[in-house]
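**Q** Line by line, the protein sequences give chains A and U.
Under this note's numbering, the first residue of the first sequence is numbered 4, with each subsequent residue one higher.
Under this note's numbering, the first residue of the second sequence is numbered 4, with each subsequent residue one higher.
Note that these hints are calculated values from the structure, not bench results.
Hints are not guaranteed to be accurate.
Pairs count within a copy or across copies, as identical chains cannot be separated in the list.
[As the list claims (entries may be wrong)] Straight-line alpha carbon distances no greater than 30 Å define the calculated DSS-like cross-link-like pairs of lysine-lysine that follow:
(1) K93 with K193
(2) K92 with K35
(3) K215 with K243
(4) K93 with K167
(5) K5 with K56
(6) K260 with K200
(7) K7 with K193
(8) K93 with K35
(9) K73 with K35
(10) K73 with K7
From a predicted model like this one, the values you see are computed outputs, not experimental measurements.
Next come the chains, spelled out residue by residue.
Number of protein chains: 2
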Amino acid sequence: MKFKRTERIGAIVKILSDNPNKIYTLSYFTEKFNAAKSTISEDLLVVKNVFEKLELGKVITISGAAGGVKYIPKTSKSENEEFLMDLCKKISDPSRLLSGGFLYLIDLIYDPSIASKIGKIFASNIDYSEADYVVTMETKGIPMALMTAKAMNLPLVIIRKDIKVSEGPTLSMTYVSGKSKVESMSLPRKALKPGSKVILIDDFMRGGGTIKGMMNLMNEFGAEVIGSGVFISTTTPEDKMVQDYISLIQLDVDGEKISVEPNLKTFRDEYRNIEIEENEEIERFVEEDESLFDEE
Amino acid sequence: MKFKRTERIGAIVKILSDNPNKIYTLSYFTEKFNAAKSTISEDLLVVKNVFEKLELGKVITISGAAGGVKYIPKTSKSENEEFLMDLCKKISDPSRLLSGGFLYLIDLIYDPSIASKIGKIFASNIDYSEADYVVTMETKGIPMALMTAKAMNLPLVIIRKDIKVSEGPTLSMTYVSGKSKVESMSLPRKALKPGSKVILIDDFMRGGGTIKGMMNLMNEFGAEVIGSGVFISTTTPEDKMVQDYISLIQLDVDGEKISVEPNLKTFRDEYRNIEIEENEEIERFVEEDESLFDEE
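Isolated chain A, as found in the complex:
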C-alpha cells in the first residue's frame, strides 16, 4: 500500500503516541510505508515538530545497536497547573466530605482521562531512565499506576493487601497504615526479577506508612526504589515516614474545611531523561548512520 506524505505523518504520530518510550527503527517505518529512508527521515522531523509545538512530549533518536526513534510523553508546567487546579476545584467540593473526615474521590481517580493525565505527569517528573517496574498497592492507586507504567513503557506490579497464594510462592509482611492499624501486604515471588529498580506509585499519603511498607517489601525482594510518586499528600503530619517522593496535590481537611492545592514545586520545567535530542540526529540517519537501522 502506498501512503501520501500527510498520511505517513499521521500514521507515525499515531504509532509513536500509542507506544510511548518504545523504540522504533527507521526500517520499521520504511517497510510499513514502502518509502525511502530519506523520506521517512523528513517525516520524522515534521513529527518531532508536531510534538514540540503542541508541548505533548519529545521524539528523540537513540544511537547504538538498539537504536531508533521513540516518543517520550512530557507535560508542560503550565498545562499541569491548569489540570491540577481544575482537579483541586472538584476535590474541594463540600459534598465530597464524608463522615469520618474521608473524601469521596473515586469518581475522579478512576476516570480514565484523569488517570491517564496523572500518569503522564508522573512520567514527566520522575526519572525512570533506569527503572524496571512501576509498583503500586491495591486498589485505588491502580488506575493511575497503570497509566504511569504505560507512559513509562514499564510493566506494572500490584501488591495485594490480603495474603493471596493463588499466584504461587508469595512473600507477605505487615505494615502500619495511615490509621495506625497493622495491615498485611503480599507479592508473589515471581513478580519482580532480583536486582530490579522500581518506581512506587500510590494515590494517597498521610503519614507515609504505606509507601514505607512498600519500600520494606521491595527491600525483601532485593529491589531498589529509585522514585516514588503520590497523587495526594496531606499537610499534616508534616513529618512523613518517607522523605524522597513527589506529590501532585496537597490536602488539608480541618473539620468541614477542605484546603487543596497543586504541589507546584514538584514540577520540572523540562523532562530531563533525554539521551540525545538534536534535529541533526534524525537528519544524520540517512547520511552516516544507516547501519543502525537495518535491524528492527
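Since the structure of chain A is provided, determine the placement of chain U on it from the hints.
**A** This is chain U only, laid out in the frame that chain A set:
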C-alpha cells in the same frame, strides 16, 4: 502559532487518538490551528484515511447540536487473531502452571500494552453506544477494565471485595465465587447514577459466579447490564451461570496440560456502532453545516 498542513494533520491524529470517543467540534481545530474551516475539513479527510488505511479505527462525524468529529478505536479481526494467538502461546508456557491448577498470568494482564490492546478489542466487540459506565471487580481485572473504559470514553467503577465504608454509604452483598465459596462485594451508593446502563468487564470466568454476582449488584443499584466481556473463560463447566457475554480466550487446564486458544467467534468483522460514516459528511461541514460547529 502557525501550523503547516503536515503538522496540523499530525496534531489532529494525536488529539483524536489520545481521546477516543470524545467529540471535537470543527471550531476547536480552527481555533487551535488558526486555520479556516475548509482547511480543517480537508485535514480531517486525510486523518480519516490514516485511521482506515492502518485499520486503527474510524473517524466519524456526528450531526446535531452536540455535533463534531470523533475517533472510534476499532481493531481488525486479523490483528486480534495475531495478538491473541501470541498471548495464548505465552499463556500455555508450562512454567506458568502453579500447584492447585492455578495459572500465573499477572505479568501479562498487568502489562500496560496488553491491557490497552485488550481494552480496544472489548471496545470493538461490545456495543457501548448507550453505556454510562464500565464496571469491574477488584483486582486483576482492573487494568483491562480501565483500558476498556478509556477506549469507550466511559467512567470506570470498581467493585470492592471487602466491605469498605470509607467511601460513604455502601451497598454490600454476597456472591458465590468460582470455588463455590461465599464472598462479599460492595459498592458505594454514589458510584452509579440511578437508571444507568453498564458494561461488565472481568479477567476470568469459570462458572460465571462473579459476573452473576456483579449483575445482581447492578440490579440492586437499578442499573442495567447491556454487555459483558471476560478475558479468559474456561471450557468447563460448559454451563455458565450467565449466557450473554463475550470471552476473548478459551482455556482448559487438565492436569499438566494447558489448552488455550482465541475465541474467534467472538470477533466482529466491523465495529457496528457508527452513527454516520461518510466521507461526504466531512466535506459537507463547510458547505451547509457550519452552524453545527460553532460551539464547542
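**Q** Could you run down the list of hints and mark each one as holding or not?
**A** Outcome of the hint check:
1. In the homo-oligomer, the alpha carbons of K93 and K193 lie at most 30 Å apart only across protomers (16 Å), although the nearest pairing inside one protomer, at 40 Å, exceeds that limit.
2. Proximity of K92 and K35 under a CA criterion of 30 Å is satisfied inter-copy only: 25 Å between copies versus 46 Å inside one chain copy.
3. Proximity of K215 to K243 under the C-alpha cut-off of 30 Å is restricted to the intra-copy arrangement: shortest distance 9 Å within a copy versus 43 Å between copies.
4. Taking the shortest alpha-carbon separations for K93 and K167, only the inter-copy value of 23 Å comes in at or below 30 Å, while the best intra-copy value is 36 Å.
5. In this assembly of identical chains, the alpha carbons of K5 and K56 lie at most 30 Å apart whether taken from the same copy (28 Å) or from different copies (10 Å).
6. Taking the shortest alpha-carbon separations for K260 and K200, neither the intra-copy value of 40 Å nor the inter-copy value of 35 Å comes in at or below 30 Å.
7. With identical chains, the CA atoms of K7 and K193 are never at most 30 Å apart, being 47 Å at best within one copy and 50 Å at best between copies.
8. In the homo-oligomer, the alpha carbons of K93 and K35 lie at most 30 Å apart only across protomers (26 Å), although the nearest pairing inside one protomer, at 45 Å, exceeds that limit.
9. In this assembly of identical chains, K73 and K35 lie within 30 Å of each other by CA distance both inside one copy and across copies; the values are 16 Å within and 26 Å between.
10. Taking the closest pair of Cα atoms, K73 and K7 come within 30 Å of each other both inside a single copy (22 Å) and across two copies (22 Å).
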